[in-house]
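Given next are the chains, with one letter for each unit.
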Amino acid sequence: MDDIQKRILKEVAELDALPVGAFNIRANGESAARNTTANIDIVTKEDKPGIDIIIKDGTKNESCHIPVIISKTGLKECVYNDFFIGDNCDVTIVAGCGISNCGSHDSAHDGIHSFHVGKNSKVKYIERHYGEGTGTGKRFMNPTTEVELGEGSTMDMDTSQIAGINDTYRITKADISKDAMLIIHDKILTNEDQTAKAELICNLDGENSRADIVSRGVAKGDSVQDVIIDISGNNKCYGHAECDSIIMDRGVIVATPKLKASCVDASLVHEAAIGKIAGEQITKLMTLGLTEQEAEAKIIEGFLR
Amino acid sequence: MLELQNICFRADDKDILTDVNLKIDDKFVAITGPNGSGKSTLLKVIMGINEPTSGRVIFDGEDITDLPVNERAKRGLSFAFQQPVKFKGLRVRDLLTIASGSKMDLDRDCSFLKAVGLCPRDYIDREINDTLSGGEMKRIEIAMAAAKGGKMSLFDEPEAGIDLWSFNSLIDVFENLREKTDGNILIISHQERILEIADKIVYLKDGKVARYDTAEVIMDEFGMRRGRGCKCAHGMEGESCNG
Ligand SMILES: Nc1ncnc2c1ncn2[C@@H]1O[C@H](COP(=O)(O)OP(=O)(O)OP(=O)(O)O)[C@@H](O)[C@H]1O
Ligand SMILES: [Mg+2]
Numbered sequence: 001m002d003d004i005q006k007r008i009l010k011e012v013a014e015l016d017a018l019p020v021g022a023f024n025i026r027a028n029g030e031s032a033a034r035n036t037t038a039n040i041d042i043v044t045k046e047d048k049p050g051i052d053i054i055i056k057d058g059t060k061n062e063s064c065h066i067p068v069i070i071s072k073t074g075l076k077e078c079v080y081n082d083f084f085i086g087d088n089c090d091v092t093i094v095a096g097c098g099i100s101n102c103g104s105h106d107s108a109h110d111g112i113h114s115f116h117v118g119k120n121s122k123v124k125y126i127e128r129h130y131g132e133g134t135g136t137g138k139r140f141m142n143p144t145t146e147v148e149l150g151e152g153s154t155m156d157m158d159t160s161q162i163a164g165i166n167d168t169y170r171i172t173k174a175d176i177s178k179d180a181m182l183i184i185h186d187k188i189l190t191n192e193d194q195t196a197k198a199e200l201i202c203n204l205d206g207e208n209s210r211a212d213i214v215s216r217g218v219a220k221g222d223s224v225q226d227v228i229i230d231i232s233g234n235n236k237c238y239g240h241a242e243c244d245s246i247i248m249d250r251g252v253i254v255a256t257p258k259l260k261a262s263c264v265d266a267s268l269v270h271e272a273a274i275g276k277i278a279g280e281q282i283t284k285l286m287t288l289g290l291t292e293q294e295a296e297a298k299i300i301e302g303f304l305r
Numbered sequence: 001m002l003e004l005q006n007i008c009f010r011a012d013d014k015d016i017l018t019d020v021n022l023k024i025d026d027k028f029v030a031i032t033g034p035n036g037s038g039k040s041t042l043l044k045v046i047m048g049i050n051e052p053t054s055g056r057v058i059f060d061g062e063d064i065t066d067l068p069v070n071e072r073a074k075r076g077l078s079f080a081f082q083q084p085v086k087f088k089g090l091r092v093r094d095l096l097t098i099a100s101g102s103k104m105d106l107d108r109d110c111s112f113l114k115a116v117g118l119c120p121r122d123y124i125d126r127e128i129n130d131t132l133s134g135g136e137m138k139r140i141e142i143a144m145a146a147a148k149g150g151k152m153s154l155f156d157e158p159e160a161g162i163d164l165w166s167f168n169s170l171i172d173v174f175e176n177l178r179e180k181t182d183g184n185i186l187i188i189s190h191q192e193r194i195l196e197i198a199d200k201i202v203y204l205k206d207g208k209v210a211r212y213d214t215a216e217v218i219m220d221e222f223g224m225r226r227g228r229g230c231k232c233a234h235g236m237e238g239e240s241c242n243g
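Sequence lines, in order, name chains V and F.
First residue of the first sequence: 1, per the numbering used here; consecutive thereafter.
First residue of the second sequence: 1, per the numbering used here; consecutive thereafter.
Hints listed in this document are in silico derivations from the structure and should not be mistaken for laboratory results.
Be aware that one or more of the hints could be misleading.
[Stated by the list, open to error] Dumping the calculated DSBU-like pairs for lysine-lysine here, alpha-carbon to alpha-carbon at most 35 Å:
(1) F:88 x V:276
(2) V:122 x F:151
(3) V:122 x F:74
(4) V:124 x F:88
(5) V:220 x F:86
(6) F:151 x V:276
(7) F:27 x V:276
(8) F:88 x V:220
(9) F:103 x F:208
(10) V:276 x F:14
(11) F:208 x V:197
(12) F:103 x F:14
(13) F:88 x V:138
(14) V:187 x F:74
(15) F:86 x F:151
The structure presented is a predicted model; accordingly, all values stated were derived computationally and were not measured.
Working from the sequences, and respecting the hints, build out all of it.
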């Protein structure tokens with residue numbers, strides 16, 4: 001890997017070197033490095049671009065990194081990654097995509113992830129999207145994540161898009177079984193004329209299923225964000241949706257929490273708030289010695305942590 | 001050290017501060033007075049959070065009336081709010097690090113929490129948000145002002161909301177600050193125990209300085225001492241319980 005690719009790898013996966021455990025690094029459309037373990041297998045798909053990640057029953061305290069790097073201008077790809085996670089697992093999956101585009105052609109990565117999680121498993125999923133580049137070519141990302149969460153399982157998703165993506169349309173869809181729980185913390189920062197659309201859809205199908213979905217967005221410059229959290233309670237369940245946004249400059253945010261209950265024992269709540277940074281927060285940090293700009297940056301850094 | 005010259009503050013067509021003149025040179029000065037008399041407003045004028053309608057603020061020989069809050073902070077003023085500000089995502093350790101103005105130093109930051117009676121392990125990574133109780137928030141606010149330090153620390157009713165059992169150790173915090181730091185303290189308080197360790201007391205009424213004298217004189221004059229042997233519901237017999 002060259003220096004640009006190494007730097008992007010650090011941005012999306014916080015990796016300085018190859019990770020321990022299972023990994024598959026995809027760079028400019030090809031597999032650049034791969035490692036499997038006794039419990040985690042990674043197999044290249046035959047019929048379309050992408051991989052199958054197969055995690056055996058009872059796999060504990062293991063991780064799997066699957067970062068994608070694009071540094072070639074004009075590269076557009078659509079990749080399918082399927083995760084088959086067994087029963088009684090406790091694993092961490094780190095995905096993410098970084099595009100560096102210094103050329104004049106648009107680059108794009110569409111990642112379709114599907115998770116099939118067995119029973120009583122715990123999955124931590126971390127996904128970072130990042131773009132950079134000085135060229136006129138744009139950077140696009142359209143991730144779709146589909147989750148089937150088995151009985152008694154928990155999936156904790158931490159997804160973020162912090163900088164440099166011109167346009168994104170992200171869809172996350174989850175079906176939650178009995179006693180299973182989905183947690184999503186989604187963070188988006190847009191700037192200049194970037195646009196971002198996110199749909200987080202969750203079906204609470206099983207008895208005592210739970211979902212806690214929190215989206216935080218910051219729109220700066222002339223950027224526009226459109227966030228929908230859509231929870232359906234189809235059984236005795238608990239669902240919480242929260243859209244919390246900060247707008248700056250001429251930014252625009254549309255936040256839509258949507259709830260549907262089709263069972264009298266479904267308990268669903270939503271909250272939505274949009275506003276500028278609270279003046280008293282800036283004042284407080286200024287009393288500690290920060291300038292107004294430094295204070296704003298700190299507040300946003302915390303908000304999107 | 002600090003001089004206020006003819007400070008006036010008007011808001012909503014009301015005179016909130018009228019022609020306040022004060023010279024503060026003593027190490028520990030308390031401001032007291034009825035609710036709504038303008039104490040918090042005055043402290044905010046000193047820090048630059050409120051801009052006075054007229055008048056000058058002189059700090060250490062320099063006219064700071066037109067300086068923004070952060071420039072005053074740099075010149076050695078620190079501030080603890082009556083109602084501490086909450087954030088989303090920023091943690092106690094983040095703000096303590098900013099307050100101390102240098103790199104993160106866990107031992108140092110923890111010592112500030114210990115001093116206000118909070119177990120550092122339980123609080124250092126807590127977010128400064130609605131999940132903290134009122135008293136916890138106030139203690140963290142004091143810890144931050146202490147971490148910031150400087151030539152003059154301004155506290156707005158730091159003891160409000162702190163339970164009686166912790167109150168004594170909080171008094172120690174201020175006595176320590178008074179003895180160990182070389183900075184001055186200007187503190188708004190209604191509490192006898194704080195007022196009696198002050199060198200001087202400013203009595204503010206209807207936006208004006210009604211009296212400014214030594215603590216002894218003011219406390220006697222306004223009957224601010226409760227006397228010992230309180231037998232109130234708090235059952236702290238033999239002590240001044242502030243209840
Ligand atoms: N920005 C403002 N606009 C209108 N009225 C204000 C403003 N700021 C303060 N006031 C009013 O000025 C008066 C003094 O307020 P201040 O907060 O300084 O009182 P205080 O002495 O600190 O009272 P307390 O002991 O209750 O804390 C109050 O009547 C308050 O409602
Ligand atoms: Mg007040």
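Hint by hint, here is what the structure shows:
Between residue 88 of chain F and residue 276 of chain V the CA atoms are separated by roughly 13 Å; this keeps the pair inside 35 Å, and the hint holds. Proximity of residue 122 of chain V to residue 151 of chain F is assessed by CA-CA distance (about 52 Å); at most 35 Å being required, the pair is judged violated. Annotation: proposed proximity of residue 122 of chain V to residue 74 of chain F is violated, straight-line Cα distance about 48 Å (limit 35 Å). Taken as a hint, the residue 124 of chain V and residue 88 of chain F pair is honoured in the structure, with Cα atoms around 23 Å apart against an allowance of 35 Å.
Of the pairs offered as hints, the one joining residue 220 of chain V and residue 86 of chain F holds, with about 22 Å between alpha carbons and a cut-off of 35 Å not exceeded. Of the supplied pair hints, the one linking residue 151 of chain F and residue 276 of chain V holds, its CA atoms being roughly 33 Å apart against a limit of 35 Å. Between residue 27 of chain F and residue 276 of chain V the CA atoms are separated by roughly 40 Å; this puts the pair beyond 35 Å, and the hint is violated. Taking the CA atoms of residue 88 of chain F and residue 220 of chain V, the gap is about 18 Å. The hint holds against a cut of 35 Å.
Between residue 103 of chain F and residue 208 of chain F the alpha-carbon distance is near 42 Å, which puts this suggested pair outside the 35 Å criterion. Restraint check for residue 276 of chain V and residue 14 of chain F: the C-alpha separation of about 29 Å stays at or below 35 Å, so the hint holds. Between residue 208 of chain F and residue 197 of chain V the CA atoms are separated by roughly 56 Å; this puts the pair beyond 35 Å, and the hint is violated. For the suggested pair residue 103 of chain F and residue 14 of chain F, the alpha carbons sit about 45 Å apart, so the restraint of at most 35 Å is broken.
A C-alpha spacing of about 32 Å is found between residue 88 of chain F and residue 138 of chain V, which places the hinted pair at or below 35 Å, so the restraint holds. Distance check on the hinted pair: residue 187 of chain V and residue 74 of chain F sit about 34 Å apart at the alpha-carbon level, within 35 Å; holds. Proposed proximity of residue 86 of chain F and residue 151 of chain F is supported: the alpha carbons are some 26 Å apart, at most 35 Å.
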